[in-house]
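Residue numbers (numbering that gives the first Met the number 0), protein chains in the order written: chain A, 0 to 462; chain B, 0 to 468.
It is worth saying that the hints were derived from the structure and are not from the lab.
Check each hint, because a few of them may be wrong.
Straight-line alpha carbon distances no greater than 25 Å define the calculated BS3-like cross-link-like pairs of lysine-lysine that follow [said to hold, decoys possible]:
no. : chain 1 : residue 1 : chain 2 : residue 2
1   : B       : 79        : A       : 130
2   : B       : 79        : B       : 142
3   : B       : 151       : B       : 412
4   : B       : 276       : A       : 122
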Amino acid sequence: MADQLYLENIDEFVTDQNKIVTYKWLSYTLGVHVNQAKQMLYDYVERKRKENSGAQLHVTYLVSGSLIQNGHSCHKVAVVREDKLEAVKSKLAVTASIHVYSIQKAMLKDSGPLFNTDYDILKSNLQNCSKFSAIQCAAAVPRAPAESSSSEKFEQSNLQVSSETPANHELTTNGHSPPTSKQILQQPKGIMGMFASKAVSKTQDVNKETKTETKEVSSVGNKAPGKGNVMSNFFGKAAMNKLKVNLDSEQAVKEEKIVEQPPVSVTEPKLAVPTGLKKSSKKAEPVKMQQKEKKSNRGKRVELSDDETKETENLKKKRRRIKLPESDSSEDEVIADSPGDYEAESPSPPPPPSPPPEPVPKTEQEPPSVKSSSGEKRKRKRVLKSKTFVDEEGCIVTEKVYESESCTDSEEELKMKTSSIHRPSTMTVKKEPKEERKGPKKGTAALGKANRQVSITGFFQRK
Amino acid sequence: MFSEQAAQRAHTLLSPPSASNATFARVPVSTYNNSSQPFRLGERSFSRQYAHIYATRLLQMRPFLVSRAQQHWGDGVQIKKLCELQPGEKCCVVGTLFKAMPLQPSILREISEEHNLLPQPPRSKYIHPDDQLVLEDELQRIKLEGSIDASKLVTGTVLAVLGSVRDSGKFLVEDHCFAELAPQKPAPTLDTDRFVLLVSGLGLGGGGGESLLGTQLLVDVVTGQLGDEGEQCSAAHVSRVILAGNLLSHNTQSRDSINKAKYLTKKTQAASVEAVKMLDEILLQLSASVPVDVMPGEFDPTNYTLPQQPLHPCMFPLATAYSTLQLVTNPYQATIDGVRFLGTSGQNVSDIFRYSSMEDHLEILEWTLRIRHISPTAPDTLGCYPFYKNDPFIFLDCPHVYFCGNTPQFGSKIFRGPEDQRVLLVAVPDFSTTQTACLVNLRSLACQPISFSGFGAEDEDLGGLGLSP
C-alpha cells in the first residue's frame, strides 16, 4: 500500500543505510510536504516502537513556544533530544509546536550532523527550496530570464564572437597571403643579408651550416621570380624538394593533402615554422622550415585567395576586424580596419594563443587528417593553417602580409622572438635534427642582436 | 504575540500522516517605500575637507534648537552667537560640541617621534575624567564648565546651552537641551498582525559552526518549514526580513595578503569568498519565500565610510534572480505597510559607546534619537563621507521603529516624545553570539525576541536554551 511505502522507505534509510533522516531530508527525498514528512516520521517511530520496544531509534524533536525571560516574552525554537523533551516542554509557558525533527540509529552528541544533513540536501535542491514548504510567497518569482540574462547574453555573444574569430582569422590570413608573400620576399633578403653577416661571427658548426644554407638560399632568393621560386629560395637544399612538392600541390586541393601527407614530423616543423617563419626568416634551419611553412602557407593562402576570394572577402573583413584587435602588435591593422572590434576580439586571442604553444604537434596532425578529405577541406586546411599561422604568432603573420612595407623589422623581430619560443615546442618534431634546434636559437639570438644593433635610431625607424 | 498566535492552532504533527497539508500564503506586501535616497551616494569626491559637514549640520539644526530652547526656557531667552557674548550676561548659545579626550587615539601623536609613544592598544572605552567640553559655533569656540556632564556627551552633538561667560573666558553652563524628537506622522492602524523580522550579525565565515544551525533554524521558521501549522501560519504573517549588517564575520577580514609573504598567499582565497557563497544560499532560501532587505555592516564587503552603499548584486548570483531580494544602504529607512523604519547596522551606536560613559546600547540609541542625529561622532571618530550640501544623518522626521544592529544583547523599548511621538526602539542582538532575532509586530508596535538553539554535549541543564532555573 502507498501508506506502507513510506514506512519501508524510512526503515531502509534509518536501519540499513544508517542515515540521519531529518524531516527536511525526507521531504525532499520523497517529494512530500514538510508537514507530511514530519507526520511520517512520527508514525514510523510509533509503529517501530510498538513492534519492537528495544528498537535502536534515537529521535530528536523540535519544540517551540514562549518563555518569560528578562521581562520579555521570548519565543524559543529549539531542537532537543528525546530525553530532554519533557523538561523543555515544562519550562515553556506556551507551547506553539512540537514535532519530530529527525530519526537516526545512533545517539547524537550534538546537533552538528543534523545541520550537515539538512545542508547537503538543500544544496542539491537549491532551485526549488520552497517547493515543499508550508508557506508560498506570490511575490517571490524568479526574474524572467530575459532580464537576468542580459549579462549572460553579453557573455554568450562574446563566446560566439570568440568561436567565430578563429575561423575568421584563417580567412583573413588567407586573404592577406598574396601581399604578404611579396613582403616576405623582401624581408628575407634583408634578413638573410643580416643573418649572413652575423653568422660569420659565429664559429659554431651550426652557424656555419646555417650560414652556408642562408647564403645558398639568399643567392637563390635573389633570383626569385615567382612565389614558389621565392619560397624555395628561402629553403635549404634539403627542403627544396619538399618545397617543390609543396608548390606543385598547392594548386589543387590534393596539393595540400600531399603537403600534409609527408611525415607528420615534416608537417610539424612546417607548422611550427610558420610561426617562426613569419617572425624571422633569418634563422637558418628555422628559417628553412619557416620558409617552407611560409611558402606552403602562402601558397595555401594564395589558393584561398584565388578560390575563395568572395567568400573570404566578407569573412576577411569580419575577421580582420575581429582578429586584428586581438594582436597586440597589429596596431596598424587594427586602426586601419576597425578599432571598435577590440572587445569582440578579446575572447578570440585566448583561443588562438592557447593552441599554439602546446599543440604545435596537434595542429600539425590536424592538417593531415583534414587534408585527407577533398574539396571543402581546402577551406578547412586553409583555415587550419591559417589558424596555426595565427595561433603561433597571433596576428603577426597577417601583419606581415599587410605591412611588410611599414614595419618589416619589428615583424621580423617578433617572428624571431616567437619562433624562439616555439622552438622548444617543436622539439618533438622528429624530422628536425638537433643541430637545427640549436641553430635557430643561436640564430635568433644573433639575429635579434643584429636587428637591435643596426643603429641607435633603428628603434624608431621600425615603427 | 507570535507565540500566542502560533499556539492557537491545534497540534497536528504528532500523528500519522494526514491526507492534506495546509499551505499558507505569505501576506502580500501592501505598501513598501524605500526612502533611503539621501544615503545613496552618486559620484564621490573626497577632495573636500570635513569642516563643511559640521557647518551644514549646525546650519540645519539651529532652527530646531532655537525653538526647543524657547520652549524650555521661555520665549524671552536671548539666543546669541559666541561672538556676541558679553561677560556675565545670561543667554543661550547654540553650537556643536567638541570633547577633548586625552585617551582618544590620535594618529599624529602616534607617529610623532618627540613623544616616543607606542601605539595605544584598542580599548573598549576612551573616556577619562579629564575630558573637556568645548562648544563651537560658526566662528568661535569656548570651553564649557558647570552642570553639564562631559562623560555622557560626545563630539559632534549640536545642542543649546544656557548660561553666562565667566571672566576666565569659560562658559558656565546652567542648563542645556537637545533638539529632541522630530515631528512624526501617525502610525497606521492595521487589522491583522504583520511581522517584520530583524536579524543582524549572522557572522558567516566565522569558523564556529554553532551559529550555523541557528541560522538554518531561523530560515526554516521564516520560510515555513519548521514548526506546527500554527507557527507556520504565524510565520506567513512575516511580511519582511531585514538583515541589519555584519552578514560576514569579523574573521573574514583577516588580511593575510598584507601580512604574509606573497608566495604563501598566492593561491589562497580570501575568507570572505566562501562566506559570501554561503550567504548567497541563505539569501536564496529567504528570498524565495519572503521579501528581504540586506544592509551592509562593519565587516561586509562594501565601503567603510558611512553611509555604506548597498552590496553589489554580482556577489549573489543565485539570490538576485528573485526580485524579493533588495540590497540597501546602511543607514536604511523605509516605510513598510505604513510604518516608518529607520535603522543602522550598529556602527554609530558602538562608536558612541566607545567615547561616552553610557553603557546600554538601547540607552545610546535613545540618546541619538533625542539629539536628533543618527551618528554625531561621524567625521570625528567614525568614517563618513565628506558631505557639504547637507547632513543626511539628521532626523527630518521621526520614525516609528528605530533599530540598530549588532548589539551585545536584545533590548526593546517604547519611547515617547514631547509631541506625543511614539517610537519603538529595538537593539537587535548579534545573531552569531546570541542566536536571537527580533520580531516586530507592526500592528501593536511591539517587539518579541525569537531565539534558536540546538543541543550540545554539555547541555545537561538546558543552559544553552536559557531555560535553566
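Going through the hints against the structure:
Distance hint between residue 79 of chain B and residue 130 of chain A is unfulfilled; the C-alpha atoms sit about 67 Å from each other, more than 25 Å. Pair hint residue 79 of chain B plus residue 142 of chain B holds up; C-alpha atoms about 16 Å apart against a cutoff of 25 Å. Our distance criterion of 25 Å between C-alpha atoms is met by residue 151 of chain B and residue 412 of chain B, whose separation comes to about 20 Å. In summary, the hint linking residue 276 of chain B to residue 122 of chain A is supported, as the alpha carbons are separated by about 12 Å, within the 25 Å threshold.
Checked against the numbered hints listed earlier, the structure breaks hint 1 alone; every other hint is satisfied.
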